[in-house]
Amino acid sequence: MSGSPNALRRVLANPFAAIVIVALAWWIAVPLFKIEPRFLPPISVVFADGMSVWRDLAAGLWRTLLETVLGFLAGAILGIAFGVGFAYLRFLERAFFPIFVALQTVPVIAFGAIVVIWFGNTIMAKVVIALYLAFFPVAVNTLRGLETTDPQRIALMKSFGASGLQLFLKLALPTALPSIMIGLKLGISLSLAGAIVGEWFGDTVGLGVMLLQSLYFEQIPRVWVLIVACGALGTVLYGFLALIERRFVWWRPD
Amino acid sequence: MRKSLMRGAGAALVAALTLWGATQPAGAAEPVSVRLKWLPQAQFAGIYVAKAKGFYEAGGLDVTVNPGGPNINVETLVASGADTFGIASGTEGVLYAREKGLPLVCIGMSQQMTPFAYVAYTESGINSVKDFKGKKVATWFTGPQYTLFSVLAHEGLAQSDLQVVSQPFSMQPFIDKQYDVATVTLYNELNTLKEQGITDIKLFLPDDSGVTTQQDSIVTSEKMIKEKPEQVQAFLDATLKGWKYAFEHKAEAVDIVLAAGSGLERKHQELMLDEIEKLMVAKLGTTEGLGAIDMKSIAAVQDSLVEFKAMKAPVDLAAAFDTTFFAKVPAEDKKM
Numbered sequence: 001m002s003g004s005p006n007a008l009r010r011v012l013a014n015p016f017a018a019i020v021i022v023a024l025a026w027w028i029a030v031p032l033f034k035i036e037p038r039f040l041p042p043i044s045v046v047f048a049d050g051m052s053v054w055r056d057l058a059a060g061l062w063r064t065l066l067e068t069v070l071g072f073l074a075g076a077i078l079g080i081a082f083g084v085g086f087a088y089l090r091f092l093e094r095a096f097f098p099i100f101v102a103l104q105t106v107p108v109i110a111f112g113a114i115v116v117i118w119f120g121n122t123i124m125a126k127v128v129i130a131l132y133l134a135f136f137p138v139a140v141n142t143l144r145g146l147e148t149t150d151p152q153r154i155a156l157m158k159s160f161g162a163s164g165l166q167l168f169l170k171l172a173l174p175t176a177l178p179s180i181m182i183g184l185k186l187g188i189s190l191s192l193a194g195a196i197v198g199e200w201f202g203d204t205v206g207l208g209v210m211l212l213q214s215l216y217f218e219q220i221p222r223v224w225v226l227i228v229a230c231g232a233l234g235t236v237l238y239g240f241l242a243l244i245e246r247r248f249v250w251w252r253p254d
Numbered sequence: 001m002r003k004s005l006m007r008g009a010g011a012a013l014v015a016a017l018t019l020w021g022a023t024q025p026a027g028a029a030e031p032v033s034v035r036l037k038w039l040p041q042a043q044f045a046g047i048y049v050a051k052a053k054g055f056y057e058a059g060g061l062d063v064t065v066n067p068g069g070p071n072i073n074v075e076t077l078v079a080s081g082a083d084t085f086g087i088a089s090g091t092e093g094v095l096y097a098r099e100k101g102l103p104l105v106c107i108g109m110s111q112q113m114t115p116f117a118y119v120a121y122t123e124s125g126i127n128s129v130k131d132f133k134g135k136k137v138a139t140w141f142t143g144p145q146y147t148l149f150s151v152l153a154h155e156g157l158a159q160s161d162l163q164v165v166s167q168p169f170s171m172q173p174f175i176d177k178q179y180d181v182a183t184v185t186l187y188n189e190l191n192t193l194k195e196q197g198i199t200d201i202k203l204f205l206p207d208d209s210g211v212t213t214q215q216d217s218i219v220t221s222e223k224m225i226k227e228k229p230e231q232v233q234a235f236l237d238a239t240l241k242g243w244k245y246a247f248e249h250k251a252e253a254v255d256i257v258l259a260a261g262s263g264l265e266r267k268h269q270e271l272m273l274d275e276i277e278k279l280m281v282a283k284l285g286t287t288e289g290l291g292a293i294d295m296k297s298i299a300a301v302q303d304s305l306v307e308f309k310a311m312k313a314p315v316d317l318a319a320a321f322d323t324t325f326f327a328k329v330p331a332e333d334k335k336m
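Note that the protein sequences, when read in sequence, are chains A and X.
Our numbering applies: residue 1 is where the first sequence begins, and numbers increase by one.
Our numbering applies: residue 1 is where the second sequence begins, and numbers increase by one.
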């Protein structure tokens, strides 16, 4: 008897259980409260609609995943490189950081229009928009992480004759990694948003394309299918990073 | 340390720039492209049919069809040379582009009638445009509002006689009766309403009020017309031939459109193609042929845009609309 609250807690802690609970609530609430389909269609209708286009959905998921991952990887590499550069070369921060902040305030819609002129309707256009959104949080969090390096520890390591590279690899980088992971987790979600928005600049395949189409035709169940699909994709990507973090970056800076 | 880091950052920058450069489309591309104003759908069946049936290929063109979207400005992309041809917004879009000095030229007009229309519930007692007086009328403020203003002017109503409000993407506010009159396109929103079981509505067509604004203009750049007029001619010939084929083989045309897009519903596309046919095979589309440019209605649209101060001054219509290509399209390709 005393074990049951714990067992319940354990069940709730499982992410799959949460999905089942939300699905059940959706399934029960719609007929129970007589929610009109235009506000929230029954889950069975949404599921059936998703199944009716599963081929397009699978192709769209794959395409959007590819755009997101490529954009994220490029954004992460650039972001970490600039974060490190900013931390060690102050002139670089002073020269470029304001430009990056300014770029960040440019609406992605305006930026996207230019990207289409540069890259046309290629997958590259979407990748660049995903990169553009992912890059900034990674760079900022890398910089902030490196800045938290304890000066006393630097002094200590220097007194033992540690080289600059040793200082970076053995002290600064491990200190910064938890913060970099935060940047990466922010970045992957933004990459997905970037890829989806990028597809609104003209394409034939992708979750963003299907979303736009369903909005145009006012197919409300289809919109929900895509909300679920985008959410699932984002969760999987985020979960993957969280897993890497738990496995390899388990420590926290003091 | 500092040096090696700097070298590292430099290398990363170079790598990024190379990546950037490598993805740029190669210059002086022989194949041509056509930019649509929206995603693949039956509204552009003629283009997809012309490509799938090899009409473009027979005309010596390797056409890439680039779909559009809400953030795509076809006029800018075609005028800048990013795309060779375009299916752009319509009469107003061409006029604005010319006013801004864009080297854009219209060589054909797809829709011969105004595709916008106004709907009101039967129970509202609105039986003519004159009855809009004192009512709440919604329209899109992305351009079609000037069509409404022209219709009102033709019917002798002042804009202050009614309340004109901005209409969102969705038809839901009209379904919820938040306003008395809403704007639809005959090929999409009207079908959406019908599919949701809303049939107790009355329809008011701008053409019945004497307002015609041709839409879905076929455009290219001044540069193309000057340097490669034979390609422009070949593109228009094949496009109109594609349209004629699409209307004569509708089931096949819908198949082609469905294959070009993703997640499209067959029924939607069939309905859309039927409506597009009505808009294209009308007025000059019957007498002159598909794609005819109606200079008279264009001049009237420009007059009203200037009157409503949407344009500062009229543009040279003869430079903006080139009817010579259409005139040279073989009759068997454009006459239904």
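Careful: at least some of the hints might be erroneous.
[As the list claims (entries may be wrong)] Capping the alpha-carbon separation at 30 Å, the derived lysine-lysine pairs in DSSO-like fashion look like this: (1) 267(X) with 34(A); (2) 177(X) with 136(X); (3) 177(X) with 34(A); (4) 335(X) with 34(A); (5) 130(X) with 278(X); (6) 267(X) with 177(X); (7) 278(X) with 202(X); (8) 335(X) with 136(X); (9) 309(X) with 267(X).
[Stated by the list, open to error] These stretches of chain A come out as covered by chain X in the derived footprint (C-beta under 8 Å, 3 or more residues): (10) 54-66; (11) 183-192.
[Claimed, not checked] Some chain X residues flagged as far from chain A (calculated, every beta-carbon gap over 10 Å): (12) 38; (13) 122; (14) 160; (15) 170; (16) 171; (17) 172; (18) 199; (19) 225; (20) 265.
Keep in mind that the hints were calculated from the coordinates and are not lab data.
Cβ coordinates follow ideal geometry from the N, Cα and C atoms, glycine included.
Review point. Under the criterion that the straight-line Cα-Cα distance not exceed 30 Å, is the pair residue 130(X), residue 278(X) satisfied?
Key: OK: residue 130(X) and residue 278(X) at ~26 Å, within 30 Å.
Exercise for review: Starting from residue 278(X), check that the Cα of residue 202(X) is at most 30 Å away, please.
Suggested key: OK: residue 278(X) and residue 202(X) at ~18 Å, within 30 Å.
Exercise for review: Evaluate the condition: distance from the CB of residue 122(X) to the nearest CB of chain A exceeds 10 Å.
Suggested key: holds (22 Å)
Exercise for review: Beyond 10 Å from every chain A Cβ: check whether that's true for residue 38(X).
Suggested key: violated (8 Å)
Review point. Are residue 335(X) and residue 34(A) close enough, with their CA atoms no more than 30 Å apart?
Key: violated (54 Å)
Check your understanding: Taking 30 Å as the top limit, are the C-alpha atoms of residue 267(X) and residue 34(A) close enough?
Key -> Roughly 29 Å separates the two Cα atoms, so the pair holds.
Review point. Under the criterion that the straight-line Cα-Cα distance not exceed 30 Å, is the pair residue 177(X), residue 34(A) satisfied?
Key: holds (21 Å)
Review point. Per the stated criterion, does the least C-beta distance between residue 225(X) and chain A lie above 10 Å, as a non-interface residue requires?
Key: Holds, since 21 Å exceeds 10 Å.
**Study point:** Non-interface claim for residue 160(X) versus chain A (Cβ beyond 10 Å)
**Key:** holds (32 Å)
Check your understanding: Within 30 Å, alpha carbon to alpha carbon, are residue 177(X) and residue 136(X)?
Key -> Holds - the C-alpha atoms of residue 136(X) and residue 177(X) are around 10 Å apart, at most 30 Å.
Review point. Holds or violated: the segment 54-66 of chain A covered by chain X, criterion of 3 or more residues with Cβ-Cβ distance under 8 Å?
Key: Coverage by chain X holds for the segment 54-66 of chain A (4 residues, Cβ < 8 Å).
Check your understanding: Are there three or more residues in the segment 183-192 of chain A whose C-beta lies within less than 8 Å of some C-beta in chain X?
Key -> Our answer is that it is violated, as 0 residues pass the Cβ test (under 8 Å) against chain X, missing three.
Hint violations for this structure: numbers 4, 8, 9, 11, 12, 15, 16, 17, 20, all remaining hints satisfied.
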